[in-house]
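Here is what each chain is made of, one letter per residue.
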Amino acid sequence: MFPFDAEALDAFYASYNTAVWPAQAVALALALAAVWLSAAPRGGGVRVIGAILAAAWLWCGLVFFLRHFAAYDFMAPVYGWAFVAQAALLLWGLVWRPPPLRWRAEARGWIALAVLVVALFGLPALTAFGKAGAGDFGWAAARLVGVAPGPTVLFTLGLLLLAGGRRRWLLMAIPLAWCAVAGVTAWALGVAEAWPLPVLGAAALLFAFRRGRETA
Amino acid sequence: MSDFSRPTRRAVLGGLAVLPFAGRLARAQEAPITRAVPASGEEIPVIGMGSWITFNVGDDRRLRDERAEVLRVFFAEGGKVVDCSPMYGTSADVIGYGLEKLGWPPQLFSASKVWTWRQGDGPEQMAEQRGRWGVERFDLMQVHNLLNWEGHLETLRADKAAGRLRYLGVTTSHGSRHEELEAVMKSQPLDFVQFTYNILDREAEDRLLPLAAERGQAVLVNRPFRRKALIRQFEKHPLPDWAAEFDAANWPQFLLKFVVSHPAVTCAIPATSRADHMAQNMGALYGRLPDAALRRRMVAYVESL
Chain A
370 MFPFDAEALD AFYASYNTAV WPAQAVALAL ALAAVWLSAA PRGGGVRVIG AILAAAWLWC
430 GLVFFLRHFA AYDFMAPVYG WAFVAQAALL LWGLVWRPPP LRWRAEARGW IALAVLVVAL
490 FGLPALTAFG KAGAGDFGWA AARLVGVAPG PTVLFTLGLL LLAGGRRRWL LMAIPLAWCA
550 VAGVTAWALG VAEAWPLPVL GAAALLFAFR RGRETA
Chain B
19 MSDFSRPTRR AVLGGLAVLP FAGRLARAQE APITRAVPAS GEEIPVIGMG SWITFNVGDD
79 RRLRDERAEV LRVFFAEGGK VVDCSPMYGT SADVIGYGLE KLGWPPQLFS ASKVWTWRQG
139 DGPEQMAEQR GRWGVERFDL MQVHNLLNWE GHLETLRADK AAGRLRYLGV TTSHGSRHEE
199 LEAVMKSQPL DFVQFTYNIL DREAEDRLLP LAAERGQAVL VNRPFRRKAL IRQFEKHPLP
259 DWAAEFDAAN WPQFLLKFVV SHPAVTCAIP ATSRADHMAQ NMGALYGRLP DAALRRRMVA
319 YVESL
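Those protein sequence lines, which keep their order, are chains A and B. If you count the first sequence from 1, you need to add 369 to reach the working numbering. If you count the second sequence from 1, you need to add 18 to reach the working numbering.
No wet-lab data here; the hints were simulated from the structure. Quantities reported herein were computed from a predicted structural model and do not represent experimental measurements. Note that the Cβ used here is the ideal one computed from N, Cα and C, for glycine as well. Any given hint could turn out to be false.
Some chain A residues well away from chain B (every beta-carbon gap over 12 Å; in silico) [to be verified]: (1) Pro372; (2) Ala380; (3) Val389; (4) Pro391; (5) Ala402; (6) Gly413; (7) Ala439; (8) Leu482; (9) Leu489.
Not everything, but these chain A residues come out facing chain B in the computed CB check (under 7 Å) [what the hints assert, rightly or not]: (10) Phe373; (11) Asp374; (12) Ala377; (13) Phe381; (14) Tyr441; (15) Phe443; (16) Ala454.
A short list of chain B residues far from chain A (calculated; beta carbon distances all over 10 Å) [as the list claims (entries may be wrong)]: (17) Ala54; (18) Thr108; (19) Arg155.
Generate the whole structure from the sequences, applying the supplied hints.
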């Protein structure tokens, strides 16, 4: 039961993106730095990745949901605090007790890279131009990593796919739950661009599970 | 079930149909269908408008102007009852924007809701809604989805006695919590009740609608189209020729005339984001209504599709 339609959601994103500019550019730079650190690990690199992810979730929780989206959706506070909780989990699981996290040229690594590319570039492009009829807002309404929940969730799953240890399951719980919420949104609003979240979320779950069995 | 059809001038005016703006000319000479609020005898048009989803467009200027146009058509075509809720996001702000743009149409019958767990938060929420609409008082204030109805009805009774609102009521939607609603209708003095009723969701005919008539409670009907689902379901099928017998020119009018032809219904509140759809909806405010036999035929027809 969503109290808005696809066109109103686009209008909201256009207004939000204007309000928070240039946070998008900073978030993109930090996200690219996190990808680079996963491919070229160095001392403290995982902690930096964890801090970047936690900052993105905190921003989405406090700024996106609680400050901006709350006016549109009575469920926004619930979503907002869930994102804040995930930020705390990421600080605990990646910063305080960093697991091994490294990109390798193997199946899981390529899947993770695909998820990261979709989060960084695919989803913004789909949300900017993927809608027929209501896409009057173009790039202004793009959902962008670090400041919007969808791409931030996918980006997090992509990096967590590269992580070892059992704690990653706990860290993936809220992102995977959000993928399910996005699937319901896509179905209810009839928007195609939300489908990558449940599809790639399911793929991430599958590959994380496979890795768990391989390392068990 | 009584026949609520009224005399029409369509036969006389039919010849004008070939002229430009003939519909508007005919409309101007035709009285809208109204029903009396049992508590006061005040007549209100049987077609109102809801705002769930459709008016939650935030501060986007273009979308706000489009919704203001929806309101303009609504009032121009004889509408009065506008319904909203604090649950509907920015809808109250957008209604307020539209009302201001239209110069505060005097015929407005403002209906909103209180929707909060704590009784103590109700007055502040209602004051906030008044501010967002830009009205000094609401005509009707309802307890949304029966949330803490006991506490809020106490507040609303005091507000009504103090002249801060004219009518009070309770609501449900989606056909939920009918048993609890029935108990509230039986035990509480209510001016209005609001629930879901449409040509496929007719559960309310069994108990709620007769009870409302018996208790003298006006009925607002939400989801007369199941949002858009009924129109999408039926629009690929032809409108039967006999729809002309009750002056339904399209599926929205067919569906709305079914709802408001029930004698216990006071007003249906379909929601739309489009001015052309609003104009279609408001067509149901004029002409004849189906009688009991036609209502049965309408049900049989849509169930055969």
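Legend entry - Hint check against the structure, violated hint numbers in rising order: Going through the list in order, the structure violates hints 1, 2, 7, 16, 18 and respects the others.
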